[in-house]
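A.B. asks: This is what each chain is made of:
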Amino acid sequence: KNQVEQSPQSLIILEGKNCTLQCNYTVSPFSNLRWYKQDTGRGPVSLTIMTFSENTKSNGRYTATLDADTKQSSLHITASQLSDSASYICVVSVGNTDKLIFGTGTRLQVFP
Amino acid sequence: EAQVTQNPRYLITVTGKKLTVTCSQNMNHEYMSWYRQDPGLGLRQIYYSMNVEVTDKGDVPEGYKVSRKEKRNFPLILESPSPNQTSLYFCASSIVRPRAYETQYFGPGTRLLVL
Numbered sequence: 001k002n003q004v005e006q007s008p009q010s011l012i013i014l015e016g017k018n019c020t021l022q023c024n025y026t027v028s029p030f031s032n033l034r035w036y037k038q039d040t041g042r043g044p045v046s047l048t049i050m051t052f053s054e055n056t057k058s059n060g061r062y063t064a065t066l067d068a069d070t071k072q073s074s075l076h077i078t079a080s081q082l083s084d085s086a087s088y089i090c091v092v093s094v095g096n097t098d099k100l101i102f103g104t105g106t107r108l109q110v111f112p
Numbered sequence: 113e114a115q116v117t118q119n120p121r122y123l124i125t126v127t128g129k130k131l132t133v134t135c136s137q138n139m140n141h142e143y144m145s146w147y148r149q150d151p152g153l154g155l156r157q158i159y160y161s162m163n164v165e166v167t168d169k170g171d172v173p174e175g176y177k178v179s180r181k182e183k184r185n186f187p188l189i190l191e192s193p194s195p196n197q198t199s200l201y202f203c204a205s206s207i208v209r210p211r212a213y214e215t216q217y218f219g220p221g222t223r224l225l226v227l
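Here the protein sequences come in this chain order: D and G. For the first sequence, the working numbering gives the first residue as 1, with consecutive numbering after it. For the second sequence, the working numbering gives the first residue as 113, with consecutive numbering after it.
By construction, these hints were calculated from the structure, which means they are not laboratory data. Careful, some of the hints might be misleading.
[Stated by the list, open to error] Straight-line alpha carbon distances no greater than 30 Å define the calculated DSSO-like cross-link-like pairs of lysine-lysine that follow:
id, chain 1, residue 1, chain 2, residue 2
1, D, K1, G, K129
2, D, K99, G, K130
3, G, K177, G, K129
4, G, K129, G, K169
5, D, K99, G, K177
6, D, K71, G, K169
7, G, K183, D, K99
8, G, K177, D, K1
9, G, K183, D, K1
10, D, K99, G, K169
Everything numeric in this text was worked out from a predicted model, so none of it was measured.
When you get a sec, could you build the whole thing from the sequences and use the hints?
C.D. replies: In structure tokens form, the structure reads like this:
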């Protein structure tokens with residue numbers, strides 16, 4: 001069964017600290033992996049998209065990594081800011097289809 | 113400004129009263145999709161459309177209808193809403209189908225409560 005699991009479910013950090021969110025998937029065949037940021041009550045906004053040939057992709061203070069062999073991805077946030085408080089969703093595209101498998105997200109809270 | 117818009121943003125209705133949630137994008141995108149988001153569950157696809165007059169079911173299509181008469185619009189219709197359709201709904205669009213390496217843009221969401 002195609003699944004995307006994210007951990008932790010929730011995370012609290014202090015402003016200025018770094019953090020890493022995890023995504024494990026069992027999707028096959030794999031096409032690409034996306035990370036989205038979703039502010040409370042708003043639509044998800046794309047952070048990164050990676051194919052199996054890409055190991056790392058950055059978008060400002062956000063850096064995503066992908067290990068296609070172990071089927072794991074991580075999103076690293078550097079020098080967190082209050083505005084980073086949001087849910088972060090990992091999404092995997094199933095190869096040769098148009099199906100997207102969504103994780104349930106990690107809720108990050110950044111405190112001053 | 114490139115965007116996906118949805119209306120209404122909030123809606124309270126009663127069981128059985130037909131309603132339509134509109135979705136419009138100004139990016140000339142071919143692919144459009146509807147999702148619902150419920151607590152503890154990931155986004156689940158309701159219906160999607162590859163282009164004008166081409167629509168197909170997603171994972172949870174029961175109780176919903178869609179149409180794609182124009183490229184920019186993709187309304188979601190609930191013919192006879194029920195309380196289990198209370199949810200947060202998102203419309204999304206992308207240049208082409210998701211298997212391609214393209215970003216999907218989401219609307220701001222419509223929060224629906226069915227009494």
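A.B. asks: If a hint holds in the structure, say so; if it doesn't, say that too.
C.D. replies: Okay, the hints, checked on the actual structure:
With a C-alpha separation of about 37 Å, the suggested pair K1/D and K129/G falls outside the 30 Å cut-off, and the hint is violated. A hinted pair counts as satisfied when its Cα atoms are at most 30 Å apart, and K99/D with K130/G qualifies at roughly 29 Å. Distance hint between K177/G and K129/G is fulfilled; the C-alpha atoms sit about 14 Å from each other, no more than 30 Å. The suggested pairing of K129/G with K169/G holds, with an alpha-carbon distance near 23 Å, which does not exceed 30 Å.
The suggested pairing of K99/D with K177/G holds, with an alpha-carbon distance near 19 Å, which does not exceed 30 Å. Between the alpha carbons of K71/D and K169/G the distance comes to roughly 28 Å, so the proposed pair stays at or under 30 Å and holds. Using a Cα cut-off of 30 Å, the hinted pair K183/G and K99/D holds, with the two alpha carbons roughly 21 Å apart. Proposed proximity of K177/G and K1/D is supported: the alpha carbons are some 27 Å apart, at most 30 Å.
Taking the CA atoms of K183/G and K1/D, the gap is about 34 Å. The hint is violated against a cut of 30 Å. Taking the CA atoms of K99/D and K169/G, the gap is about 11 Å. The hint holds against a cut of 30 Å.
Checked against the numbered hints listed earlier, the structure breaks hints 1 and 9; every other hint is satisfied.
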